Amino acid sequence: MNGEGHAVCLPADIDTDVIIAGRYLRTKDRSVWAEHVFEDLDPNLAPTLMDTVLVTGKNFGCGSSREQAAIALKEAGVVAVIAPSFARIFFRNAINIGLPLIECDLPCTQGDTVKFDLAAGWVETGGEKFTVRQLSPRMQAILSAGGLVEYWRCRR
Amino acid sequence: MSTLSERILGSPAGTYVDRKVERAYAHDGTGVLTLEAWKSMGAGRLSDSSRLSLIFDHIVPANNSTTATLQHELREFAKSSFLHFSDVGGGICHQLMSEGIVLPGEVVVGADSHSCTPGAFGAFATGVGATDMAAIWLTGETWFRVPETINIHLSGAFTGAAEAKDLALAYVSRLGMDGATYCALEFTGDGTASLSMDDRLTLCNLAVETGAKAGMFYADSVTVEYLKALGQSVQPQVAEACEYVQELSLDLSDIVPVVAVPPRVDTVKPVQSLIGLPLDQVFVGTCTNGRYSDLARFARIVRKKKVAVRTIVVPASRMVLEKAIRTGVLADIVEAGCTVGSPGCGPCLGAHMGVLGEGEVCLSTANRNFKNRMGVGGEIYLSSVATAAASALAGEITEPEVNE
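Order-wise, the sequence lines are chains A and B. Residues 0 to 155 in numbering that gives the first Met the number 0 are what the first sequence lists, from first letter to last. Residues 0 to 403 in numbering that gives the first Met the number 0 are what the second sequence lists, from first letter to last.
Read the hints as simulated data drawn from the structure, not as lab findings. Hints may be right or wrong, so weigh each one.
No more than 27 Å apart at the CA atoms, straight line, and that leaves these computed lysine-lysine pairs for DSS-like [claimed, not checked]:
hint, chain 1, residue 1, chain 2, residue 2
1, B, K268, B, K370
2, B, K78, A, K27
3, B, K370, A, K27
4, A, K57, B, K268
5, B, K322, B, K303
6, A, K27, B, K38
7, A, K57, A, K114
8, B, K38, B, K78
9, B, K370, A, K57
Since we're looking at a predicted model, the values are computed, not measured.
The shape of chain A in the complex, shown without the other chains:
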């Protein structure tokens, strides 16, 4: 899987309460989550996320298991998230809904283009290429299918 987007630089240890607050969870309307994503971090961020790659510090997505956090990012237009490390439930959730996560300690300049090729195992920004940690074969298969729902639908 490959893609590109404009970098949005974010700090370390962003928890899922900050990605999407508990007060917005009780709905099936995904546009609500996209509209309020990162509201408690920066209320102006949500509308600027179309075609972006989030480049964050370590431990992105820690805290609650709410899958709405990963869905909110995808619905808001985030193409991929790059971080030195992710919290493990968020990691599974994002891959399960078809949002690529890339483990890499990438320097970030706000707005710069970030390109990635997961099969080839690299990300590129500021004219420099960085090697990324490969996903497990199972996770690659789930991501290639478009998510875990599609993965299982194909197998039945």
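Based on the hints, put chain B in the right spot on chain A.
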């Protein structure tokens, strides 16, 4: 020679396994997306409904018509599909799992991050999201990367007013909020013998606050006796010499009452350094500290006194509530001026039953103090039950008195 995770998952650390799940549970929050994803997978039926639980605990009873409608749909599904269902008032999913359902050696998966809690029984218990849970509904199994293990070696016994929650915050502070990401925590050492099942559940509950996949105790005589009282006959587990990626030694007699200051669970300070901090609310409950022994300890401290600040007490389950009624603990709590909520998660996640206003400060026995979690502009300090009780009486953060 294996760690407990390696033994239960049947494979060495770092390998990937597909594993049948003995118990899988979701709640009213994650259940909505689980049902949606399961339907989208094209499933006609559940893999094995006898192994699946759906437990209403997050917003119970429903706080508005949107929540009520989502819960109604989920409830109708639960009734028609014959899975184990616990409706409003039954209690918190992790607590129900700890009342004779989860047994040593089982693989347990919950659609909630604090599903590491029943690892206290010597089970491999971990949290997932809704779509992973839907796949378990479909197939009865899931994949794991067998985790490396960090050993938390405990010695000694508690002294003074320290309790399991203080120890839990101490290890979270030592490891940091991502210090155990992708790893399991194993609690071992002579110090474990003095810890009750409730203490162990509190300790395993906070494992995820270090990023850990699981927090585990080996089943011993304490586990066997606890489960026997709930009608389950189990054998203790014997630890083998094994390889840990990291060792952390803690002497229980060094533990003092502490508080985690907002907005991070790993920013932990002695209660002594925060004495006098004014409070607007005290909250006692949750999957961390809402068990009977917690309510009893709280009641002993506030008995025949009056709380000086809004204090909300929420039992973790109906079984806890019933016992608190039978023993008079509930009367002590109510007569001290506390407000008692129906069993469940209460205001922990900021949805109802004690949401904070802008600028308000809460001292809570829960496990998370993230920004705005209990209400926009509210701040959350986390403490033990004893610290919460003493502070509720004073209306400000106060050191608990030393246990007799």
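Results of checking the hints against the structure:
1. Pair hint K268 of chain B plus K370 of chain B holds up; C-alpha atoms about 18 Å apart against a cutoff of 27 Å.
2. Taking the CA atoms of K78 of chain B and K27 of chain A, the gap is about 21 Å. The hint holds against a cut of 27 Å.
3. For the suggested pair K370 of chain B and K27 of chain A, the alpha carbons sit about 24 Å apart, so the restraint of at most 27 Å is met.
4. Of the supplied pair hints, the one linking K57 of chain A and K268 of chain B holds, its CA atoms being roughly 24 Å apart against a limit of 27 Å.
5. With a C-alpha separation of about 20 Å, the suggested pair K322 of chain B and K303 of chain B falls inside the 27 Å cut-off, and the hint holds.
6. A distance of roughly 14 Å separates the Cα atoms of K27 of chain A and K38 of chain B; the hinted pair therefore holds under the 27 Å criterion.
7. Of the supplied pair hints, the one linking K57 of chain A and K114 of chain A holds, its CA atoms being roughly 20 Å apart against a limit of 27 Å.
8. As the CA atoms of K38 of chain B and K78 of chain B are separated by approximately 16 Å, the hinted pair is consistent with the 27 Å bound.
9. Distance restraint check for K370 of chain B and K57 of chain A: the Cα-Cα separation of roughly 18 Å lies within the 27 Å cut-off, and the hinted pair is therefore satisfied.
Of the numbered hints listed earlier, not one is contradicted by the structure.
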